[in-house]
Amino acid sequence: MKKIKLGAKEGVYIFLVLLFFIHQDFWFWDNGNLIMGFIPIGLIYHIGYSIIAAIAWFLAIKYAWPSHLEGFSEQGEDSTSTTSEAR
Amino acid sequence: MTPLIIISCYLILLFVLGQVSGKFFRGTSNDFFVASRSIGPFLLLMSVFGTTMTAFAMVGSTGEAYRIGIGTYGKMASWSALIHSACFFFIGIRLWSFGKRYGYKTQIQFFRDRFESNAIGVILFPILVGLVIPYLLIGLLGAGSLVRGVTTGAFPEIFSETRGAVPPWITAAIISFVVLTYVLRGGVRSAAWANTFQTLVFMVMGIFAFVIISIKLGGPTAASQMANPVKMIRGDAIPSIQFFSYCFIPLSVAMFPHLFQHWLTAKSAKTFRLTLVAHPLFIMITWVPCILIGVWATGAVIDGVQIVPTGVNPNAVLGIMVGKLTNPLIAGLVASGVLAAIMSSLDSQFVCLGTMFTEDIVLHTFKLNRLTENQIIWIARGFITLIVLITFLLSLANPVQIFSLGVWCFSGFGALFPVVFAALYWKRVTRAGAISSIIVAAITWFYLFRESGYGINRGYLIADAMPVVFVFIACMLTLVIVSLLTKPPSEETLNKFFPKVL
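Going line by line, the protein sequences match chains A and B. Numbering follows the numbering used here, with no gaps: position 7 of the first sequence is 7. Numbering follows the numbering used here, with no gaps: position 259 of the second sequence is 259.
Bear in mind the hints are in silico, worked out from the structure with no lab data behind them. A few of these clues could be false.
As the list claims (entries may be wrong) - Far from chain B, by Cβ distances over 12 angstroms, these chain A residues were calculated: (1) 6; (2) 8; (3) 10; (4) 11; (5) 42; (6) 43.
Stated by the list, open to error - DEER-style ranges, computed between Cβ atoms: (7) 447/B / 70/A: 42 to 48 angstroms; (8) 327/B / 26/A: 42 to 48 angstroms; (9) 20/A / 328/B: 52 to 58 angstroms.
For glycine and all other residues, C-beta sits at the position ideal for the given N, C-alpha and C.
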């Protein structure tokens, strides 16, 4: 049986999938507590979620960046002739 | 009168900026359509963010929070924080690389090559245009009603029919004219510059309105204590399935033709990095103040008088809060911010439709490859002007239900996500699979749209889920089943889009 090697890239993808599921925050659905006296806890959770999403994409850039696409695109620079071909 | 002066100053400033940015236009069609693929990280971030945020980001979010409470942020903004960047990462960068390598300027050029089919362009073109035009109308009508609201009583003799307010058709005409002046001058490059300025304006004005309103209500703590407690939780306002099913809506960015065009302007793949990280944060900065203003409006009282009367149209809540709690100068600045959000989407959509008409219809269908660069640019300018004129004329019909069409437009684009995803990641997807899935998505979308009373029934759900879920599933199943039953793409196409380096 082939072993699946888990590296940083796979770790980032797992983190993103986890983020997808923890969006559904049943635990704060009916909680009316105010954080800092004015932000409802259900809202602060999703503010934190947005910040964590930004961190997740930072990690994706660091560990799962598709660097091969840069080289691939450079192999055929855009020009008028290629545009005409695409038409 | 003061708000109108502020708005006029803002529009003049934008006009001047458009003319300055036009000086950087290089005079080629490549520059007009994709800014010579030279846009750097900051301009890309601001143009992509400005394009995806419409009037809904300020006016709609405040109104929706007033109507259903804080759940508005979770169902729209935090889903977008995750999924928009996912679309940029998994779809946008890959499409950019194909665009740069093979010289694409429109989505349809990519799909035609990927699926070895001219027919897919013929089918996709009216669908994309049909979904963008209502989106354009939302912008023009939103601008019209906003300016009408802030100028009520300013010209009682000239505009007696609108209680002294500037009539929406005049606003729509002026907005169209200003956008037209800069997009005709420098195409997508001018749109990127204007979007950068406008994005800064609407982000700053949202925060500004939030700070002033919270001070007027006695500070944020006092404001939150006045709010209706039911709106400070999600409770029964949004069924849990509906809350989850909203994740399909932000998938629409993967199929927005105007966003595709902005992606193609990027200088390199690395240019996307700032957008990936900052986009979720920018969504938060723009939405949180508006959500809080919306929930505060549910109970805000000054000297025993309720600020927002019961039964008011939710779209008017931001205007009422700003109008009653600030002075005309600030009301004018906030109104300029809302116009900035509207116009930063309008410009990209106008340029995109002009590009599609020129590239996918005129140049492709009529094989006019002998045209000079200058002629191509003038054809695009002609089409952009025509589209602006048509949109303006449609806005005169004042289709009031157009606001409820917004989510349906997003649903249409979101439901087509399987097509672009499969085109990039599934070798086995076939021409027949792609074409049939687009047709099935269009039919399913139209059927459900009709069932909702053409968007009039705003609460239309199926088993508590958003209709987009079912259109998406119909599209995906058709794509997979038909592809598996039909002949795979040629080796040449597979080598072109799935080379070993990828």
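Against the structure, the hints:
Non-interface status of residue 6/A relative to chain B is upheld: no Cβ of that chain comes within 12 angstroms, the nearest being about 20 angstroms off. The beta carbon of residue 8/A is kept farther than 12 angstroms from every beta carbon of chain B, the shortest such distance being approximately 16 angstroms. The beta carbon of residue 10/A sits about 15 angstroms from the closest Cβ of chain B, which is more than 12 angstroms, so the claim that it is off the interface holds. The Cβ of residue 11/A lies farther than 12 angstroms from every Cβ of chain B, with a closest approach of about 16 angstroms, so its non-interface assignment holds.
For residue 42/A, the shortest C-beta to C-beta distance to chain B comes to about 5 angstroms, within the 12 angstroms cut-off, and the non-interface label is violated. For residue 43/A, the condition that its CB be more than 12 angstroms from all CB atoms of chain B is violated, with the nearest at approximately 4 angstroms. Distance hint check for residue 447/B and residue 70/A: the Cβ-Cβ separation is about 43 angstroms, which falls inside the suggested range of 42 to 48 angstroms. Taking 42 to 48 angstroms as the suggested C-beta distance range, the pair residue 327/B and residue 26/A conforms, at roughly 44 angstroms.
One distance hint, 52 to 58 angstroms for the beta-carbon pair residue 20/A and residue 328/B, is violated here, with the actual separation near 45 angstroms.
Consistency with the previously given hints fails for numbers 5, 6, 9, ordered from lowest to highest.
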